[in-house]
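Trainee: For this one, chain A is given, so just place chain B on it according to the hints.
Protein chains: 2
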Amino acid sequence: MDFKEKVKEAFQIAQQKICKALEEVDGKSHFSVEEWSHIEGGGGITRVIQRGNVLEKGGVNFSAVEGKIPGFMKSQVNADADLFFATGISIVIHPESPMIPIIHMNVRYFQTDAGDSWFGGGIDLTPIYIVDEQAKFFHSELKRTCDQFDIEYYPRFKNWADDYFFNEHRNETRGIGGIFYDYIKPDESISQEQLLQFAIALTDTFVDVYVPIVQENRNKPFTPSHKEWQLIRRGRYVEFNLVYDRGTKFGLETKGRIESILMSLPEFASWKYQHLVEVGSDEEYTLSKLKKGIDWLN
Amino acid sequence: MDFKEKVKEAFQIAQQKICKALEEVDGKSHFSVEEWSHIEGGGGITRVIQRGNVLEKGGVNFSAVEGKIPGFMKSQVNADADLFFATGISIVIHPESPMIPIIHMNVRYFQTDAGDSWFGGGIDLTPIYIVDEQAKFFHSELKRTCDQFDIEYYPRFKNWADDYFFNEHRNETRGIGGIFYDYIKPDESISQEQLLQFAIALTDTFVDVYVPIVQENRNKPFTPSHKEWQLIRRGRYVEFNLVYDRGTKFGLETKGRIESILMSLPEFASWKYQHLVEVGSDEEYTLSKLKKGIDWLN
Numbered sequence: 048m049d050f051k052e053k054v055k056e057a058f059q060i061a062q063q064k065i066c067k068a069l070e071e072v073d074g075k076s077h078f079s080v081e082e083w084s085h086i087e088g089g090g091g092i093t094r095v096i097q098r099g100n101v102l103e104k105g106g107v108n109f110s111a112v113e114g115k116i117p118g119f120m121k122s123q124v125n126a127d128a129d130l131f132f133a134t135g136i137s138i139v140i141h142p143e144s145p146m147i148p149i150i151h152m153n154v155r156y157f158q159t160d161a162g163d164s165w166f167g168g169g170i171d172l173t174p175i176y177i178v179d180e181q182a183k184f185f186h187s188e189l190k191r192t193c194d195q196f197d198i199e200y201y202p203r204f205k206n207w208a209d210d211y212f213f214n215e216h217r218n219e220t221r222g223i224g225g226i227f228y229d230y231i232k233p234d235e236s237i238s239q240e241q242l243l244q245f246a247i248a249l250t251d252t253f254v255d256v257y258v259p260i261v262q263e264n265r266n267k268p269f270t271p272s273h274k275e276w277q278l279i280r281r282g283r284y285v286e287f288n289l290v291y292d293r294g295t296k297f298g299l300e301t302k303g304r305i306e307s308i309l310m311s312l313p314e315f316a317s318w319k320y321q322h323l324v325e326v327g328s329d330e331e332y333t334l335s336k337l338k339k340g341i342d343w344l345n
Numbered sequence: 048m049d050f051k052e053k054v055k056e057a058f059q060i061a062q063q064k065i066c067k068a069l070e071e072v073d074g075k076s077h078f079s080v081e082e083w084s085h086i087e088g089g090g091g092i093t094r095v096i097q098r099g100n101v102l103e104k105g106g107v108n109f110s111a112v113e114g115k116i117p118g119f120m121k122s123q124v125n126a127d128a129d130l131f132f133a134t135g136i137s138i139v140i141h142p143e144s145p146m147i148p149i150i151h152m153n154v155r156y157f158q159t160d161a162g163d164s165w166f167g168g169g170i171d172l173t174p175i176y177i178v179d180e181q182a183k184f185f186h187s188e189l190k191r192t193c194d195q196f197d198i199e200y201y202p203r204f205k206n207w208a209d210d211y212f213f214n215e216h217r218n219e220t221r222g223i224g225g226i227f228y229d230y231i232k233p234d235e236s237i238s239q240e241q242l243l244q245f246a247i248a249l250t251d252t253f254v255d256v257y258v259p260i261v262q263e264n265r266n267k268p269f270t271p272s273h274k275e276w277q278l279i280r281r282g283r284y285v286e287f288n289l290v291y292d293r294g295t296k297f298g299l300e301t302k303g304r305i306e307s308i309l310m311s312l313p314e315f316a317s318w319k320y321q322h323l324v325e326v327g328s329d330e331e332y333t334l335s336k337l338k339k340g341i342d343w344l345n
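Protein sequences appear in the order of chains A and B. Residue numbers for the first sequence follow our numbering, beginning at 48 and rising by one. Residue numbers for the second sequence follow our numbering, beginning at 48 and rising by one.
What the hints contain is simulated information worked out from the structure, not anything from laboratory work. Do not rely on the hints blindly, as some may be mistaken.
One copy or two, it doesn't matter: identical chains are merged, so the pair holds either way.
Said to hold, decoys possible - Calculated lysine-lysine pairs in the BS3-like style (CA-CA distance at most 25 Å, straight line): (1) K183 with K339; (2) K339 with K115; (3) K302 with K319; (4) K121 with K296; (5) K339 with K296; (6) K319 with K67; (7) K274 with K319.
Looking at chain A on its own, in the form it has when it is part of the complex (with noise of 0.2 Å):
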């Protein structure tokens, strides 16, 4: 089998696997499925889950397309190359309460025309209420995923993830960040077989953590003032996928399904003007740590 193909159909199993894990750990709402063609080829298939006892909205994305390589991504392939295939996994999971973390898997593989060829992806989770012991948990395994690939990966792709996931605007992380890479060829050290392993090992990392962490704080007692936080930090996350996101971006540039690119964006979001936090509060902990550089290991 074609290599892009073999990718693509590992791809779609992790999807099915996600949503299967994601559906029971909710134990109400299903997931969607809705496919779609591309309009200069190939297309995807968009699953959504809303109004669950947890999750009240998420996505979980796959999409196989082709076409002419947008602009903005001219320096970054070969001279030659004119067309692009790309394929991938991206989920956005919005929990209804604000005591369960937002969480954010995308993994993909990009190939031109002209032989170049990549795999990409990240993992960043982003509290509302920064819980240390679960930030903790939480980057000790990709830690562990990353180390069976390579011992250089996590150090490498957390420092990624801090500069990558960034509101540069606010000069804040978007959460507690994660892993990110991008651009990773195959050299004398790892296999175009082996990242996509690294890749499929991600999507089982990210059932791994996500459930455990949801179970933890599902039944978690909340007030408003809880959610009206909630809703602001939602804000910052609809700053960031806009303003920011590689992903959105090329989607929106290829002329992508826009239900689909935008199905990260919350159902509810809020923005107030210049909203204070309370000194020795938990919403004041919780901005202390949206930074580059901690490391949540130790």
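Mentor: Showing chain B alone in chain A's frame:
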């Protein structure tokens, strides 16, 4: 007096006049006043109203800042230009009632240290529910003001607004448009002084059109389903401001005061996956009119 000082003074007076008129129509809340300094020079006065009788969140921002010309503007100015001075008023009003349209207005003056200078601005209306008669009134008043300066302005600037206030990725206009103009320099037909008068005339027109529109709609009853539609339309407004709006982009790239730049975002917004409107509904009617090239006058 230096021309730029004259523009600043006129804009500050206009800011006070507009806030007074909006406070009167609201009848409850008052505008806060925050003076701030820009990192490279100058500053501004941000005035925000929140939780009024009518106005849920609105900002009337005055600024007069200077600094290094950001990279994305380099192609638009004299090659020798290195520093800019920019002053303007920027307004976005989000009423609580879905029966009252969102409105935006901006007038601005820009000059560089290489002798470039120009005016820009615009007003556009974003009804949650389009009412043809009100759209006609709004556009007629804009035309009347434009015609006093140049009879080419309204048709030219109306088309410019259709192109500018457009969510490309949604293939829909943000609302019923209005006027938009940029890089307008004095020439044989209009002086710099008259361009300033045009900008000030627009600030008067803003009050003259919005106050009657608020009064006409403020007592109309609405249901939770009207409110739901409003939050979705506000989501589109957020998309425009974060993805396309030049003022927002300029503010973010020149390290402006973030709370002043993003005061344009509503207190609450919503995104639903694949939201559909009912055939024959008012929501469907509004969607059918979110297109370029509509002649609202006839």
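Trainee: It remains to establish, for every hint, whether it holds in the given structure.
Mentor: Going down the list of hints, with the structure as the test:
no., hint, verdict
1, K183 with K339, "within (15 Å within a copy, 52 Å between copies)"
2, K339 with K115, "neither (35 Å within a copy, 27 Å between copies)"
3, K302 with K319, "between (32 Å within a copy, 20 Å between copies)"
4, K121 with K296, "both (14 Å within a copy, 23 Å between copies)"
5, K339 with K296, "both (23 Å within a copy, 24 Å between copies)"
6, K319 with K67, "between (37 Å within a copy, 22 Å between copies)"
7, K274 with K319, "both (14 Å within a copy, 19 Å between copies)"
When the structure is compared with the earlier hints, a violation turns up for hint 2 alone.
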